[in-house]
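Once you've looked at the hints, dock chain G against the given chain H.
Sequence order for the protein chains is H and G.
Counting from 0, one number per residue, gives the positions in the first sequence under numbering that gives the first Met the number 0.
Counting from 0, one number per residue, gives the positions in the second sequence under numbering that gives the first Met the number 0.
Heads up, a few of these hints could be off.
[As the list claims (entries may be wrong)] Simulated pairs of lysine to any residue, SDA-like, Cα-Cα distance not exceeding 20 Å:
no., chain 1, residue 1, chain 2, residue 2
1, H, K332, G, G513
2, H, K585, H, P458
3, G, K332, H, D514
4, G, K585, H, D487
5, G, K272, G, Q325
6, H, K224, G, D333
7, H, K585, G, A490
8, G, K224, H, R327
9, H, K332, G, G173
10, H, K332, G, G225
11, G, K332, H, S512
12, G, K585, H, E494
13, H, K332, G, M511
14, H, K224, G, E328
15, H, K224, G, P334
16, H, K332, G, A516
17, G, K486, H, I329
18, G, K332, H, G454
19, H, K585, G, N571
20, G, K224, H, I329
21, G, K332, H, G510
22, H, K288, G, D333
23, G, K285, H, E424
24, G, K332, H, V515
25, H, K224, G, Q325
26, H, K181, H, P221
27, G, K145, G, P283
28, G, K332, H, P220
29, H, K224, G, T335
30, G, K332, H, D167
31, H, K460, H, E383
32, H, K585, G, H576
To be clear, the hints were calculated from the coordinates, so they are not data collected in a lab.
Note that the structure is predicted; figures quoted are calculated from it, not measured.
There are 2 protein chains.
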Amino acid sequence: MDDQLVNMRNIRFMLYEVFDVENLCRFPYYADHSKETFELALETAYQMTHEIFWPAFQTMDREEARFDGQHVAAPPAMHEIWRQFREGGWFAPDATYENGGQQFPLAVYAATLFLFNSGNTAACMYLNGTGGTGRLLESCGSQELKDLYLLKLYSGEWAGTMALTEPDAGTSLGDIITTAVKAPDGDYYLINGTKRFISSGDHDITENIVHPVLARIEGAPPGVKGISLFIVPKFRPNPDGTPGAFNDVATTGIEHKMGLKGQATATLVFGDKNDCRGWLLGEPHKGLKYMFELMNHARVFTAIQAVGQASAAYHCALRYANERLQGREITSKDPTMPPIAIVNHPDVRLMLLKQKAFVEGCLGLILYCAGKADVRKATTDPDEFERTDLLLELLTPCCKAHGADGAFDAIRTAMQVFGGVGYSEEFPVAQMLRDNKVFSIYEGANGIQALDLLGRKVPLKAGQAVRVLMGEMAATLDEADAIEALKDIAAKVRETQDAVVGVTMHLAGVGMSGDVALYVCNASDYLEMFSRLAVGWQLLMQAVAAQKALDAGSNEQDFYQGKIATARFYANRVLPHAIATATILKANERTALDFNPAWF
Amino acid sequence: MDDQLVNMRNIRFMLYEVFDVENLCRFPYYADHSKETFELALETAYQMTHEIFWPAFQTMDREEARFDGQHVAAPPAMHEIWRQFREGGWFAPDATYENGGQQFPLAVYAATLFLFNSGNTAACMYLNGTGGTGRLLESCGSQELKDLYLLKLYSGEWAGTMALTEPDAGTSLGDIITTAVKAPDGDYYLINGTKRFISSGDHDITENIVHPVLARIEGAPPGVKGISLFIVPKFRPNPDGTPGAFNDVATTGIEHKMGLKGQATATLVFGDKNDCRGWLLGEPHKGLKYMFELMNHARVFTAIQAVGQASAAYHCALRYANERLQGREITSKDPTMPPIAIVNHPDVRLMLLKQKAFVEGCLGLILYCAGKADVRKATTDPDEFERTDLLLELLTPCCKAHGADGAFDAIRTAMQVFGGVGYSEEFPVAQMLRDNKVFSIYEGANGIQALDLLGRKVPLKAGQAVRVLMGEMAATLDEADAIEALKDIAAKVRETQDAVVGVTMHLAGVGMSGDVALYVCNASDYLEMFSRLAVGWQLLMQAVAAQKALDAGSNEQDFYQGKIATARFYANRVLPHAIATATILKANERTALDFNPAWF
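Extracted from the complex, chain H is given alone in its bound form (with noise of 0.2 Å):
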């Protein structure tokens, strides 16, 4: 296959032998699923990713989001990519039939996704918004709401998108200053404020955008507490459904990026003339509780984004390595001889092993967390109710912030497997590198996914999401070791949990003793070693399933022997430093919190 961007033989295992996605078939809610519509989506999203998405990857780069001082026109190739879109149904397959979803198991699309994203990310963020405002209306819009826009949204009629960020007001949303004015004479609210870096935030690929827009109430509390949630249209909806007066949202400018160029990341001003109205989401002050709800799911969205393209990124360089000649084996180096594939050089390999290792550990965490949400989504026994949401509410910032980072270290591995080419653009690893290094930057940097998760989500319900963790992974360990020929990588991977346990306790001391600072500020790195972790522990539940399949008699010795020889590989090579880390971690290393600002 010329141009395969991910492995659909991967796939199909992680959802079938690792995850039994047939098995969330037994909840009602996804009744008139099987594998059978399991498959038939994953085909068309292999051929729509191929055959549509992947063609205008390279070409939105080049022809760019464009802005002429008013109007912003996506890419040309952007309204086809729509229009197939929207023939699919694929905007939130997985909301009720009533809201025009298909009750379709997120495990399943989150795949699809991966495979739309390991095309062209950039078209997918289109999309991607347009789901996510439809979403946010589902849980806590009004009837009257939900009848206007979200038809029009999951049919890809009018797009979405997600309006937080203020040139002053980023990472400390509480700090937002974007206001909303109670209309004497309606329903509605006017809005007046700059929003900036908003992704798909004009363009000319549906007839309306509907922005949901985080601002304050006259008199509201300051910070996070007084922020309220409203639905501002582009063009205010008729009574008939169809766009009617222009509603005062004008676009400034977008943003010259470094990469995602055919995305519109566009700056927003609302009510320049005073005439922008807003619709209140839910009730006040609790606008952004609803939004950290599809925060969670953009969170996910971009480690999707982040890794599908480190996919892509990887199979391109391992195509690569296998037809580039290069060099002879380094124990017969003689000239005369013809030369080799890169792939065999065991620093290529090993280069290629990386990714391999990342993609599809992360992959695993990814599609693992789409499947709680499943359960949790259909499931009608509390404890599991809790149980996956803890799950969710843990491994969500570990998705973001590792999945990000990580495909960025695997697509510049994949750029070095590809030499000085690589560093061309005619090669589309460059763009790839180019487009990924936003991902630990946006939807929350990575810092804050850190806090989040040691600040919040590690104390959550005194260490009960850790413990129901670490008891799933005691159960894949468990597993693995009664299988011989895995006990060296669960001796592995159990001596790193055990490490990340006795860090967290640790850590859990020095919060309790009220040292806050030091606290959190090892956030970052106990995230990315906690993350390493949960890769591993994913690694290695994949290595059971493949040494089953091998043990049954499977005939797909190469697939499987690569299965489990990943999981060693991250075993023996990466989970040491997750180690070195908790060391460090538990060794109270204060350097940089003591660092005097004056000393740079």
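Coordinates of chain G only, in the frame set by chain H:
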């Protein structure tokens, strides 16, 4: 200062307080120099960097080098930079008076190059190629060739390049197929072949360009032992020194690269009309040996490029962190308090400290090497020559590969400090990241540097190079051990040194057992571990000098305390990962080596 890109105090500290470069003037070669001439060079370089190089940084990226199908135009700003560089005599001030140089120490010249590169590394590449071509002529050219070219190059009247890579021979130089056929009627050869990725390969800055070209003389042995080096001008010099007839060196394209867009990276076809003349440099078949001398120079230059830019990124991030207001102290989240500068957030300080530690430690390593090169050039003591030569052999691949990777990491961290605006091309850090990426690829990909270190330099004279370096480190450790305030840092560096020595001996055993593949497959990890030790040692050396200054009653508390804390930070937070790598390497980890390519 608005746009400070380097810390001059830090450069002076290293040159005068850590390395005592004034002491180089004890050698007759440098006898005309003194702190006064050093300061003049540094001051001038600082001024040129900030007034000429840096203002053209972004414009050269946007204007790009252009190719019209026949000729390449350098970005307009490059012409003025070149003029200024010529005026100052900056091409090879280290060369002898006789050859047009100023017998200036490389250590101080390296510091000025560090400055220039912090401002605009794409520009510096035009300059460096020219000095490099001159150096090749100096070291192995006939008097006739030197008379013809040397002053032209060192004065910047003509420019130079380095033409090694071919479309099918990059890393594997032994496979180059460019041919050289002795002309029956002259002192020259007819050159035929294509070279790719030639930095500054063509441009309109100078009236002539001189290419050192690797090619095979008819009947030469295969592989690296049959490669000769030729001087191939774009225009053949007339006897009066003016450029004469076109020498059939055609440009067929320039690369569209991710970064360094102001640089013309050309594909050159030599002898398309069978009329391209080359003059042999030195003896036949020894071309690679000569070229390697230049390449060692080029490798340290690559490190200067990388770390210079990382310095600029760090200082930009530091300034931003001091100016950008966002969030509150973690311990007082009162939203009615004014926001604080982000430098006060521990996570941001950690990110800045990571950059500072790498930039200052790696710059230390570079200047240390440059100082050793000065001694090697000037000493008459054969022992001292041998010791410095071994140190340079060992540390050059570390400077190049770790300089490139560490700088890329540092710039990536700088972008994270900027958050969303860092991803915008309006701020310079995105370009720095794009520009920097190639440094791990060119001048010998980092994997090749690792093979050079572990495969060639470590075993050199039965490990003598390693012993010399460890002796140098021991001297620093002994000094630090005697200082109470530095004992803890010294202990960490010593522990790392022990681990590195241990794994080096272990690997020597592996190599002697004949398992060459296992020995080299861990080369990249070995280089990273080894380099981290070297950087930690350099930072300790700086801490020793800082503590001495404090003990002597200096009132520069902030600067010196910062130095010590930076060394401690690196020892506590980075060196444990070097130790973890040592543990991995000692375990004879061979998953990648044994990974069957069919398993990917």
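Is G:K332 within 20 Å of H:S512, Cα to Cα? Satisfied, since the Cα-Cα distance of roughly 19 Å is no more than 20 Å.
Decide if the proposed pair is consistent with the structure: H:K224 and G:P334, CA atoms, cutoff 20 Å inclusive. 10 Å, holds
Mind checking the alpha carbons of H:K332 and G:M511 for me, to see if they're no more than 20 Å apart? 18 Å, holds
For G:K145 and G:P283, compute the direct alpha-carbon distance and say whether it is at most 20 Å. Holds, at roughly 18 Å.
Is it true that the CA of G:K332 sits at most 20 Å from the CA of H:G454? Roughly 14 Å between the alpha carbons, so the hint for G:K332 and H:G454 holds.
Hinted pair, alpha-carbon criterion (20 Å max): G:K332, H:D514. Please report holds or violated. Roughly 15 Å separates the two Cα atoms, so the pair holds.
CA of G:K332 to CA of H:G510, is that 20 Å or under? 17 Å, holds
Assess, step by step, whether the Cα of G:K272 is no farther than 20 Å from the Cα of G:Q325, and give holds or violated. Cα-Cα ~64 Å, so violated.
If you draw a straight line from the CA of H:K332 to the CA of G:G225, is it 20 Å or shorter? This hinted pair holds, its Cα atoms lying about 14 Å apart.
Do the alpha carbons of H:K332 and G:G513 lie within 20 Å of each other, as the hint requires? 15 Å, holds
Sort out whether G:G173 lies within 20 Å of H:K332, counting only the CA atoms. With a Cα-Cα distance of about 10 Å, the restraint between H:K332 and G:G173 holds, given a limit of 20 Å.
Restraint status (C-alpha distance of H:K585 to G:H576 at most 20 Å): Roughly 15 Å separates the two Cα atoms, so the pair holds.
Of the hints listed earlier, those the structure fails to meet are numbers 5, 17, 23, in rising order.
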